[in-house]
Amino acid sequence: MKITYSTVLVLEALARGYHYGFDVIDATNLPSGTVYPILRRFENEGLVTSEWESQDVAQKDQRPPRRYYALTAEGERLLADSKARYRAASEIVPRRKRALKPLRGER
Amino acid sequence: MNRPLPDPLVVRLCLAILGLARHLVPRAARDQWTREWDAEIRHRWHAMRRRDETRWDRQADLVKRSSGAVADAAFLRQQFTADLDVVQDARYGVRMLRKRPVVSALAVVVLALGLGGTITVFSTIDALLLRELPYADSDRVVTVWQTEVTRTDERLGVGSAAFLDWRARTRSFASFAAAEGFGFDYFDGPEPVQLDAALVTEGFFEALGVRPMRGRLFRAEEYVDGRSDVVLLSHAAWQRRFGGDESIVGRTIRLDERPFVVAGVLPSSFRLDLLRREADTVGGQAAQVEELWAPKVLRDFDQQYRPGRFWGAVGRLAPGVTFERAQADLATISRHLASEQPQTMASMTAIIEPLREQIAGPLRAPLTLLFAAVLMVLLIACGNIASLLIARSVERQREFAVRVAIGARRWRLVRQVIVEAAVLALIACGLGLAIAYVAVRGFVGYTSQFVPQLADVTLDVRLMLFAVGLTVSAALCIGLWPAIKLSRGGVQDGLKETATGLTASVHRRRLASALIVGEVTLAVVLLTGAGLLLRSFVTVARIDPGFVKSNVALLQVFVYGERYRTAEQTRAFFRQIVDSFHSQRGVVRAGAVSAMPFMRADIDVRRGFRVAGRPAPPDDQLPITSIAVATGEYFEALRIPLRHGRLFSDSDSAHAPPVAIINDLMAERVWPGENPIGQRITVTWERQKRPMEIVGVVGRLRHNGLESEARPEVFVPFAQVPFGSMTFVVQTSSEPAALISSLKARIWEADPTMVVHDAATLDSLVAQSLAPRRFVMQIVGSLSGLAFLLAAIGIYGMLSFSTGQRTGEIGLRLAMGAGADRIMRMVIGEGMMLAGIGVTIGLVAALAMRRGIAALLYGVSPADPLTLAGTAALLLAVALIACYMPARRATKIDPLTALRVQ
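So the sequences go chain by chain: A and B. Heads up, the first sequence is in this note's numbering, so the first residue is 544 and it goes up one at a time. Heads up, the second sequence is in this note's numbering, so the first residue is 3 and it goes up one at a time.
Mixed in with the good hints there might be a few duds.
[As the list claims (entries may be wrong)] Quick look at which bits of chain A chain B covers, simulated, 3 or more residues with Cβ under 8 Å:
(1) 546-553
(2) 576-584
(3) 603-614
[Said to hold, decoys possible] Simulated pairs of lysine-lysine, DSSO-like, Cα-Cα distance not exceeding 30 Å:
(4) Lys603/A - Lys101/B
(5) Lys545/A - Lys746/B
(6) Lys894/B - Lys545/A
(7) Lys746/B - Lys101/B
(8) Lys626/A - Lys545/A
(9) Lys746/B - Lys551/B
No lab work stands behind these hints: they were computed from the structure. Each residue gets a CB set at the ideal place from its N, CA and C atoms; glycine is no exception.
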């Protein structure tokens, strides 16, 4: 797995609790066409797992369930390894949740 | 409970993007993928609405974000494709090819040459023999020829009277028409020219099924005197003479100093070479391409005149009439005519021929030969590449064996080999198409001189398909053998063999040997063909035409019209030109003749003659001779040898007693063993009996090409028989081509409207007559050279491979005391045995195929022992060289190292 600046950003975002595709995009400020292929690669490599959001939550909002991504232990390890290399990443991803593009009332 | 709202426009737009992108996603993941994106988009919209963030820029942001789905889908597709076994195989194949760049490049180039050549020749064959002719229902169109009952293989032109009789009586044709060659003087171009034209009888274009691309065809009332001044232009003439003028239809152009209305323009695909009678390309007559078509007004003369056969006839078979029935019908009519007109029609009949045959006929033999030659090269190339892959499969045996051992399915390995071959073939296919593209242009530029139809040859879609088909079959040929070898249980042996074996796999070597024998066989066949063609070419080029061709310029004029009404005017014109030529620097001497050898418009006047003092047969059984009008300088300018007597001199004037010179062929035939000087013959000239005294005998000439037979000929002095259709024959002291334009200028000084019908150097005319032969010879020659090289490479590669395999064995032999010479003999012996078998089979095959090439040979037997022996010797010599290098390498093997390696 090739580690690039973008992949570290996505790992970091996942680690900080952004679990849905569009939320990761918001957090990282990367284009959707970049984030999704990275998520696919992570999943292939076993760095993330994905499952579907519970039906109940979705039903309440009258929308289909979203896909939920979470880092695996291996993903965490990779993030730790690469953090040293990409110190800047932690500065860009906001420490407070929803700092970048606050979505009020969410989660 | 909220009722679900209908989706707003922005969501629908985003979903539409998804709908398009989802097709890219591999089928297995498609539904899940769609659900994920769909959910994200709806969720985001939901959130936006809740927070009243539905401003247009936020909406645009959502659409932009959705468009990332395309990139996502493309990524998934790419990942999916990259995981496909075939793609992996192909990548692996490319990697393997790159590992051995020289061998791979050689294989690709060889295959590309084979493919390129095959496509080039095929496109020509396609245009000539396969593609639909540009005429409606063209398989119903036939050409009709007159022929002698005893020699029906010879097609003669059609006599006007015979044509009219046939037309009046036959019921087999929906339309039946004829064309007569003609020339129109045209003075409105850059220099006075004569445009090749044809006068056609009613229904001519209808018989062919041609429609004009602009304007109309001729109307029925235009085949009548006074209304016939209309013309159709060929597409080429329209472009070349009138710059493609869009308003040409209806315009008046001046031809023969009379106004003609342009009725229409014929399509560019319409190029008929009907008036060509000679059916050989080897003769090298460039095809005449008519620029103008005009209606033929039939006159009493056409109805009555029987001896001349200058027309070309076409017919469209009536519905339900078969080719055979039409043929039988015309034969019956000819028999009736023969009994009605025994004097002229007794020995004549009619034959019909499909139009396609008439068009393609002359090129059929050479094209078939070329196609066979190219296919052979392609086969050799495939053989070579197959042995390359076999050698590699041996090298990779261990790899494959290991892969099978750890669980690879056997089919997977077979497929790997096939895909590798396909990669090779595909690269070669691309290169081959590029070669074909270039080659087709050169080939067309050349051959369309002789067969105008060929100007249409292009690489089209079907040809691309043909190329792909060829490549696929080549890949299969190449890939299959090694693949089969692998799948047939070679794997178990594979592990064993590399571990313990001292000798190479017998099977594999046997296959490689068979390939070598095949390559050598094909190379021998090709080389034999090339050798025979070369010998024919040399034989033909050495034929003495009866004249010296160097330093002669020729200019042909046809003198007629108001200004040359009397014999005196004609004489004066020629006198003036010849005198002015003589004052031109660089001119040695200038003469003139009516029947100039090798000229396209060969004015061959034939007459029956009587010999004074001998009982004469009836008029229609008189012996025939060609009659040429000449000045005395003509013989000197061409350096024609004078055998007896004298040439024409100034004393042979109009008022002097009529004299003649004959050629030695005529002398031998008519006065065998006698001296013809002083004898008298009588011919009919301009409806008057003309007795003449023979004053000289000159050498015979070959008129229609080096391969043509000489004809009996009588020359009469121009001063006594002023004739309008003459060729100036100018001997020069230096390169004649440089003088032609000044000579033309001298003619135009005397008469600015005089058309110089044809101007050329004699050298170039003779060379042109050899050109088709040279062309075929060069192509077959270079193909056979290629085949030769490939066979040598094959032998070399095969021996390198087999000695490499037998390193251990050879090391053992050396260790046991075998000398280097012994090893050398063994290796060379192995290679030479294969070459010997190949040469033997090749010679037998060449003999078996000799009928295929016989038509293209001259003066050499297809079983020519010298050629066969030379080919065999050459191939064996090259094989020896190819064997020597691996053999030498084998003797250098160090027995200790070799045995330790094992």
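Of the hints stated earlier, which fail here?
Hints 1, 4, 5, 6 and 7 contradicted; others consistent.
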